Amino acid sequence: MSVLRTPGGGRVDRERSLQFNFDGKAYAALQGDTLASGLLANGVHLVGRSFKYHRPRGILSAGAEEPNALVTVNPGAPRDTPNVLATQVELYPGLRAISQHRWPSLQYDVGRVNDALSAFFPAGFYYKTFKWPQRAWKSVYEPAIRRAAGLGRAPATADPDRYAQRYAHCDTLVVGAGPAGIAAALAAADAGARVMLCDEQSEMGGSLLAETMARIDGVPALDWALRALATLAGNPRVTLLTRTTAFGYFPHNLLGLNQRLGDHRADPDPGQPRQRLWMVRARQVVLATGAIERPLVFPGNDRPGILLAGAARTYLNRYGVKVGVRVVVVTATDAAYQTALDLHAAGVAVAAIADVRAQPVGVLPDAVSRAGIEIMPAATVLGTRGDRRVSEISLGRVQGGMVRPAARLACDAVLMSGGYTPSVHLFSQSRGKLVWNESLLAFVPGLSAECERSAGACRGVGDLTAALEDGAAAGLAAAPDPVRGSWRPLPEAGTTGGCGWLGALPQPQTTATDKAFVDWQHDVTTRDLALAAREGFRSIEHVKRYTTTGMATDQGKTSNLNALSIVASGLGVPISQVGLTTFRMPYTPVPFGSFAGTSRGALFDPVRRTPMHHWAQARGAVFENVGLWKRARYFPRAGEDMHAAVARECRAVRSACGIFDATTLGKIEVVGADAVEFMNRLYVNSWTNLAVGRSRYGILLREDGFVYDDGVVARTAADRFHVTTTTGGAPRVLAMMEDYRQTEWPQLKVWLTSTTEQWAVIAVQGPNARRVIAPLVEGIDLGASALPHMAVARGRICGAPLLLFRVSFTGELGYEINVPADFGATVWEAVHAAGQAHGMTVYGTETMHVLRAEKGYIIVGQDTDGTVTPDDAGLSWAIGKSKADFVGKRSLERASMRAPTRKQLVGLRSRDGRTVLDEGAQIAALPGQQPPMQLIGHVTSSYYSAALDHPIALALVAGGRTRLGQTLYVPMPRGEIEVEVTPPVFYDPKGERLNA
Amino acid sequence: MPEQAAPLDDAAPPWPPLLAPATRFILHGNAAVRAAATAAWGVPFAEEACRARLLGSRATLWMGPDEYLLLDRAPAEAAGDTASGLERAMAGLDHALVDVSHRQVAVEINGAHAGHILNGGCPLDLDLKEFPVGMCTRTLFAKADIVLWRTAADAFHVEMWRSFGDYVRALLAEVARDC
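Line order of the protein sequences matches chains A and B. Per our numbering, the first sequence starts with residue -16, numbered consecutively. Per our numbering, the second sequence starts with residue 18, numbered consecutively.
Keep in mind that the hints were calculated from the coordinates and are not lab data. Small disclaimer: the values here were computed from a predicted structure and weren't measured. One should not assume that every hint holds.
A few chain A residues that don't get close to chain B, going by computed Cβ distances all over 10 Å [to be verified]:
| id | residue |
| --- | --- |
| 1 | R177 |
| 2 | R259 |
| 3 | G429 |
| 4 | G584 |
| 5 | K732 |
Residues from chain B shown here face chain A by an in silico Cβ test under 8 Å; the list is partial [what the hints assert, rightly or not]:
| id | residue |
| --- | --- |
| 6 | E65 |
| 7 | A66 |
| 8 | G109 |
| 9 | H119 |
| 10 | V164 |
| 11 | S180 |
Only part of the chain A face toward chain B is listed, based on derived beta-carbon distances under 8 Å [claimed, not checked]:
| id | residue |
| --- | --- |
| 12 | G59 |
| 13 | R136 |
| 14 | Y150 |
| 15 | H152 |
| 16 | D588 |
| 17 | R591 |
| 18 | A656 |
| 19 | E660 |
| 20 | W734 |
| 21 | E740 |
| 22 | Q741 |
| 23 | P803 |
| 24 | A808 |
Even for Gly, the Cβ is constructed at its ideal location relative to N, Cα and C.
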């Protein structure tokens, strides 16, 4: 056992030792250790190099505020995690970790030269230096800086872990399970509240886990905490979440909690989530987030071995680890005296307590004196020595405003305490107002913006007795029925005094040779902050960005107040006038995996499939995504590419017949006595005269007069329309309809129901279509006069109820068979089987696109782009001219909407008879132009037409309909393509096939 | 970028199984319509928001101020006849009745962890006091719309559009690991 390990006590399991590996070296530790305590037990303080100067850095703290000890766990392995805090990594047997930001090794780092050259790297160095030449920023400076900077490396392999997410609700969410938090949870639970208590550490108890002196309810404080937690755990209305960081406070009391489930296990169950993101909606929130001890700012304060006094006490009492064998304590509060007493009792030599206060008095200083430890009042620190570990500290004495050298003390650790900074991060995130408390030297929560209250040290109530009472009061007030509560804590803790120190410790007039660090993680020194003030920065937000203080991943948890104080004194204004920068979520980093949760791989998004999907899949269909739907794009046969397959499918439809899955089309049932009035007001068409059993091509505009959606609309009863929409437009059309129905015309007796998924739709298209379905259809006369183009009838097919449309999106004789979705697959197979005698071929969306383009039928969203009127698209025939109004009508009457120079839909034929234009290609009226060209339109659809044996295209061209027969030019990188303007209908312009 | 497949290689099969086909209608109309429909459907309609009524195999679920889901666990073969009966009962009253039997599929989730599993994708408070037996509502399960109906203290009936069934059930299976 290491000499640095105490013989007993603490929260580590003395019976279970384990081995771990840091930077390739094996170390022994105990179950219950963190990586930090395990390293310290082995005398390892040096854990990293600093960001800018590459100075050796040690473990500064024991918690989430740690700025130095960023490590990568499992480097190169499946659970490779960079930038985790050694103070938060729980050791398990075989854990591997490496230090970051050093090259080639932690002990010898070439970047250290930056420290020697630091005179050339003042605040704002990048802003001042890399301004010129401008082009070099992207190509030279930025890549070099990014390589040199960087904290850790992003993992290169896929994350093998599962992540869970869960919503939860409670009456009272308590954040932080220290004394105040436990008291709050007890009080709230006692009053009957549904309570959630979360804590970021592996064990609840907070400061009580390292408490040795205080007693509560007649028992040692830690025993009280364990008993209280057991009580809470036994209450079914209470949820306890350890290893759970409340990282974000979102509006209306929604808090983000990240729970680490598997990170502390050597062999996590791959079937279980590694982390779980809780989204908690709480009626009331109690923030009991505690306080963070502040470092003191003095020259050479960043040497490994110099750490926070409270952290040293935690390492001693909670983990059984002595941070050194001979320590010097530098403090501005009484709290560090307790650390000195505990270390002294554990056999650590305390060389001296250097107290910056002139006259430290009270219970603890008295106890320290009785223990024979020297107290040096009115002290300051002039510097430290030591290569990769502190070995000596130079102390000074402040007298009459002068600083004189006082002593040089050998030591292997310096413990500092500048007081406690309340953790107001979550309170600030909740948009609560912080107020400066001069007696506490701290910003504390003021007016709350949410149903929230702070309790204990996070609002400056740091004394144990007061914190317990504060927590209990907060918990009771945050319960829905406070009258029910009766529990009160009975603490017997001693009261500690002292107010702390802000900013740099006093120094002699001569400039100190070593740097005094304010922000450890971003290497910001007192000089940088003073320089920023001298250079005229007034706003703390600007100082922060100029010096980067507080902008590292620790968000300045240990540095913000010291920085603020230095800036304030540089500007000669009070701290309260300088203000505080904004705290942003997350409180500590949260893995991307937690936010992604289950939204990855097959669960990333819903995949919608039609009832005929499996049939198509079995036939080798190539699918495309249309919204969330999978649609069969084409059905290649052996040896066919898409072009060949589509050409074959097109020929089959034109010469015999094809079968196509049109299920995904949106469908809305518009029902009610005023259904026809509703449709008249909404669509451009007139519906009054549409007979029952007939359908019509409908166009829907937005208020601005541009085409929004289209589709066939059938009148299936006097008061009932079956409206179809585009596949992608279904939700937005229904939403638009509901909007008008509910807000514009609430008096109309009409209701809307989506029936998209009620029906499977099988399109049978081609000259043989009637012959194929005739033997299957019952109860409908399919004769051309009985069921003409655009007729609709009800019957049965293969035992299923049938709604049959005679419609065509191909220009051929066509039907759309609508059957309830459960019947889709069997009816499809029956129709396909019946079609085999008639040359039936299954076709996909690509063929559908070619066939409709040959007929000049537009696709909304492809041939329109939100700036196309019905007339632009050649569809003004559809507008009900005699209607008083419809959505978009007024806009269509504006002069600019009727201008003859508007872009109009036309056809294009490549003059060479073989070049298929690129969709989206621009069109010029004159050949041989150089940029900037005058362009008059663009290609919207373009295919090779198998039926016509030449390429066809649809295009929007300025004044297009007056240009029929003209030659236009499509400039492309490989040369200009000559095209002839044609009408948009290429195939069967008279529509004879349609009416067959 | 490496292929992102690993964590779902061991994806559990979709769960729970789909319930047998059922008969479903959406009914829009006022209190008079509901009174008339009750005579034909055999189940009263809750006037309170987000409440369902159940009698035998049939239920009515409040979906909106004038919108209800009518649910019959019997299969949809006779939906046409049932619709005709309802239409006769409501003749002369302004309403809209639409057959959505095939639009939706359903699952039942029961057991002590039912609420926790649903809270893996549903943001509502499913505490028995907040979401009592007989409560129903449209809500979300991750990226899918669902109708959630608590049929017992530890049982929920979940309706979803049929093409979302695979997604919802695959996600339920994944989420159920964490309970």
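- Ascending list of hint numbers which this structure does not respect: 1, 2, 4, 5, 6, 7, 8, 10, 12, 13, 19, 24
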